[in-house]
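Trainee: As a plain string of letters, each chain reads:
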Amino acid sequence: MADTPEEIKKAQKKYLLIGLILFAFTIVTVAVATVPALDFGKHGFDTWDAIIGLCIASVKATLVALIFMHLNHEKKSIYLFIVLGVLGGLSLIGLTGWAFIDPIEYGTATEGNGFFNPEMVIEEE
Amino acid sequence: MEIPYTVTARKDTGLFNAKVGIWLFLASEVMLFGGLFSGYVFLRIYADYPWPERALPVLPGLINTFVLIGSSVTVVFAWAALKMRQWRRFQFFMAITIACAGIFMVLKGLEYNAKWNHQAVRMDDFTIVEGHTHKAVIDEDGHFHEVHEGDDPHGTPFKANAVIFKAERVSFSLVRAHESWIDSMLSQAEERHSKLVAQKQKGTTGIFLYGALVDFEADADKRKAAEEDIVKEYQTAEKIARKIGEKSLYIPDGTPLSYALLKKAREIFIAGRAHNAEIRTGILRTKWKDAHANHPDKGNWEIADEAKITPEDTAGQIVKVLSTLAFEMDPPVPLVLNRSWIKRPIPAKAEQAELRDDTTLAGALQDSPLALAVDAVDFRWMAQKAVEADKDPMKVIESSWIFSDKNEHAAEYKKLWKMHKKRIEKLEEHLVEKYKRDKLGNPKRVSTETERYRMGWKDLLQYAKAEEEGVFPGEEKFDDLRPSMTDGFTGPDHKNADVKRLHAFPELKVPHEKVAMASAFTPKWNTYYAIYFTLTGLHGLHVIGGALVLGYYLLFSKGLYRQNPEWLANRVEVGGLFWHFVDLVWIFLFPILYLM
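Note that the protein sequences, when read in sequence, are chains A and B. Number 6 in the numbering used here belongs to position 6 of the first sequence; there are no gaps in the numbering. Number 495 in the numbering used here belongs to position 495 of the second sequence; there are no gaps in the numbering.
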């Protein structure tokens with residue numbers, strides 16, 4: 001991280017450049033989603049659009065983290081916090097996988113929708 | 001006391017303390033947003049309805065992305081200025097950062113406002129229409145009349161998304177009755193020269209409510225006789241009230257309804273219940289004590305029958321409590337009931353309506369259409385249902401209510417749908433021409449479900465313009481008639497000159513029994529809007545929180561700057577780290593919510 005006034009003065013140009021790159025990437029993201037000629041994969045939104053959109057977002061996020069948040073030049077302990085935080089976040093996203101390994105099992109009853117119906121008449125013997 | 005390690009680094013971490021603190025906090029924030037993104041993924045994958053992909057207007061989101069990226073640059077410039085000991089420069093860049101936060105929130109507010117004021121209706125056949133609800137009034141007979149711009153309505157206009165019910169009798173739950181709903185009913189009754197009065201029961205003299213046992217009401221018949229005697233003897237309500245005491249209430253026939261009266265009755269009801277509970281508990285306590293004394297060797301379950309309380313035990317000690325009070329509408333007049341008050345669906349020609357506060361109205365349902373200017377017709381869900389039932393979606397769509405003779409505006413919708421189908425046909429032709437067919441002869445690219453089954457506001461306006469100019473889909477000029485990305489900044493633009501001139505947004509009156517769900521574009525409409533508001537709302541709170549902290553540095557840190565500028569620089573660095581994180585979250589939110 002730039003610390004002396006001279007270094008900081010120099011670094012400002014870099015910050016500005018990164019800002020401009022982020023602007024450019026934003027325009028690319030929107031263009032890919034809205035301009036028909038740049039439509040990847042199938043016509044309209046599909047998996048490829050999601051992958052491209054998220055890849056561009058990840059690159060942008062990395063630039064913000066590395067340059068603006070000075071992670072390119074940081075102490076090891078900070079990296080540890082980030083890695084743990086990101087792993088925690090990803091594992092929470094990974095929890096959706098639970099729905100695949102333990103899917104909802106629907107009953108096999110042919111009548112009723114699974115909810116108690118108070119108006120249902122119970123015939124007494 | 002001096003706080004250590006505000007400027008110098010600790011030997012063990014190599015960092016000043018606040019930096020360790022903010023990074024730990026940001027790590028927890030990553031997990032918070034990670035959990036919410038996880039929720040988004042789950043809701044999207046498992047949605048049992050067509051997910052509204054690319055449903056939000058892109059421009060406000062795009063501008064907000066630029067604004068946040070710009071503010072990330074300026075906040076790092078503000079920090080650099082402090083490092084170089086340039087106070088003025090710091091102030092300049094920090095002020096821009098905070099202004100950016102302001103712009104972001106204003107745009108977010110405009111976007112939210114557009115959602116909250118945009119009506120969506122799902123019909124019972126899964127047709128979805130979107131638009132702006134009209135205002136309406138009812139006449140004395142309860143007939144519905146739309147109010148349009150420039151009209152001079154007779155009566156107070158209401159949003160034409162209500163249930164109109166000619167009430168003869170209204171009964172309120174004393175415990176749950178909702179004050180503002182009662183006030184609304186009272187003011188409507190007054191406006192229509194009617195009033196709600198205590199039920200006039202034949203052969204009685206009014207209603208007595210008891211909060212405790214009074215000497216004359218040991219038994220029901222005697223009580224009734226005693227009540228009649230009291231009314232005869234004391235005559236005026238004040239005197240009767242004095243006789244029966246503060247814990248009871250006398251409501252003479254014809255007493256007008258007021259929330260204060262219901263509140264008093266509720267107090268009496270609660271006191272009566274407490275009185276009864278006290279009596280019952282006392283009796284039970286004695287009975288259990290006696291039962292234990294009579295059978296010292298037996299367990300509770302064996303003597304439970306003996307200790308059971310019976311009506312004979314409480315005879316003459318328990319007061320009868322009333323949990324509801326009925327009032328008559330004198331004379332019966334129509335009431336406009338907000339749709340959100342309704343507890344359960346009211347069938348056509350219903351004679352009863354129940355509200356969520358357990359108020360029950362008896363009378364007759366009036367014609368209560370939901371009237372709106374439609375800016376989108378969406379058949380995607382209907383098509384999905386048709387496919388599930390192994391039917392041809394197009395046939396199902398074309399036999400739906402909106403195109404049927406029962407819809408007085410059906411002709412307009414048929415005309416629009418014809419143009420829409422033609423447009424999709426031309427689009428399919430274009431896709432085959434451009435991307436060819438695969439080996440099996442199937443087109444490599446086809447239109448999306450959204451294109452096929454949804455007519456959005458830009459489509460409707462384009463079709464109206466095309467009709468005016470006699471242009472048809474497939475002709476070059478047809479595409480030029482489409483509104484651009486900058487039209488309708490936050491959504492359908494009902495004030496657009498072309499929309500007004502061409503009546504591009506057709507009218508629709510959805511009969512009350514066809515409305516399966518009506519909502520603004522709020523979290524209740526579907527899970528997409530629920531997660532949209534949760535994610536963007538939480539992000540917005542972060543923007544506000546960050547701006548407050550940065551604003552504090554800007555306005556109240558001159559003293560610290562003079563005393564210890566490096567400390568202030570460190571503070572701004574930490575605040576800046578949070579600000580960059582806010583930007584970083586938006587970098588993901590924008591494509592996910594607006595472009596996917």
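In case anyone wonders, no lab produced these hints; they're calculated from the structure. Just so you know, even glycine gets a beta-carbon here, dropped at the ideal spot from N, CA and C. Mixed in with the good hints, there may be bad ones.
[To be verified] Calculated from the model, a selection of chain B residues having no Cβ within reach of chain A, i.e. all distances over 12 Å:
| # | residue |
| --- | --- |
| 1 | K83 |
| 2 | T310 |
| 3 | K395 |
| 4 | K477 |
| 5 | E573 |
[Stated by the list, open to error] Below, a list of computed lysine-lysine pairs in the BS3-like style, where the Cα atoms sit at most 27 Å apart:
| # | chain 1 | residue 1 | chain 2 | residue 2 |
| --- | --- | --- | --- | --- |
| 6 | B | K224 | B | K287 |
| 7 | A | K76 | B | K11 |
| 8 | A | K42 | B | K439 |
| 9 | B | K135 | B | K414 |
| 10 | B | K514 | B | K115 |
| 11 | B | K558 | A | K10 |
Trainee: Each hint needs a verdict: does it hold in this structure or not?
Mentor: Here is how each hint holds up against the structure:
no.: 1; hint: K83; verdict: violated, 5 Å
no.: 2; hint: T310; verdict: holds, 25 Å
no.: 3; hint: K395; verdict: holds, 24 Å
no.: 4; hint: K477; verdict: holds, 18 Å
no.: 5; hint: E573; verdict: violated, 8 Å
no.: 6; hint: B:K224 with B:K287; verdict: violated, 31 Å
no.: 7; hint: A:K76 with B:K11; verdict: holds, 13 Å
no.: 8; hint: A:K42 with B:K439; verdict: holds, 17 Å
no.: 9; hint: B:K135 with B:K414; verdict: holds, 26 Å
no.: 10; hint: B:K514 with B:K115; verdict: holds, 23 Å
no.: 11; hint: B:K558 with A:K10; verdict: holds, 26 Å
The structure fails hints 1, 5, 6 (numbered hints given earlier, in ascending order).
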